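The opening position of the sequence shown corresponds to residue 1 in the numbering used here, with each subsequent residue numbered one higher.
Don't read these hints as lab results, they were simulated from the structure. Please read all numbers here as calculations on a predicted model, not as lab measurements. A portion of the hints provided could be inaccurate.
[Claimed, not checked] Okay, derived cross-link-like pairs now, DSSO-like style, lysine-lysine, Cα gap no bigger than 30 Å in a straight line: (1) Lys-9 - Lys-68; (2) Lys-9 - Lys-70; (3) Lys-26 - Lys-12; (4) Lys-68 - Lys-26.
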Amino acid sequence: MPTIAHLRKGEKATIDDFEVEEIPLKLLEMGCLPGNSVELIQIAPFGDPLYLNINGAYVSIRVETAQKIKIDRIQNPES
1 MPTIAHLRKG EKATIDDFEV EEIPLKLLEM GCLPGNSVEL IQIAPFGDPL
51 YLNINGAYVS IRVETAQKIK IDRIQNPES
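With the hints as extra help, turn the sequences into a complete structure.
The structure is reproduced here in structure tokens:
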């Protein structure tokens, strides 16, 4: 199953599932919850961290954390 770490720059998805114990509380408070949208805005020069828009909140998370958040990719209507 794909995770946030699998997103490409500009790609959007919906958060599907994760283990609550694995995710920092601050991310949950900022809207990183199942059903919310996520978009990869930028990747740091060495690949870590990832800069995301999660339901309107801009956050930066480590790849290690991103690998624990499962997503459903949003298909581009033009493809």
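Taking the hints in turn, this is what the structure says about them:
no., hint, in the structure
1, Lys-9 - Lys-68, "18 Å, holds"
2, Lys-9 - Lys-70, "17 Å, holds"
3, Lys-26 - Lys-12, "21 Å, holds"
4, Lys-68 - Lys-26, "15 Å, holds"
Hint check: no violations occur; every hint is consistent with the structure.
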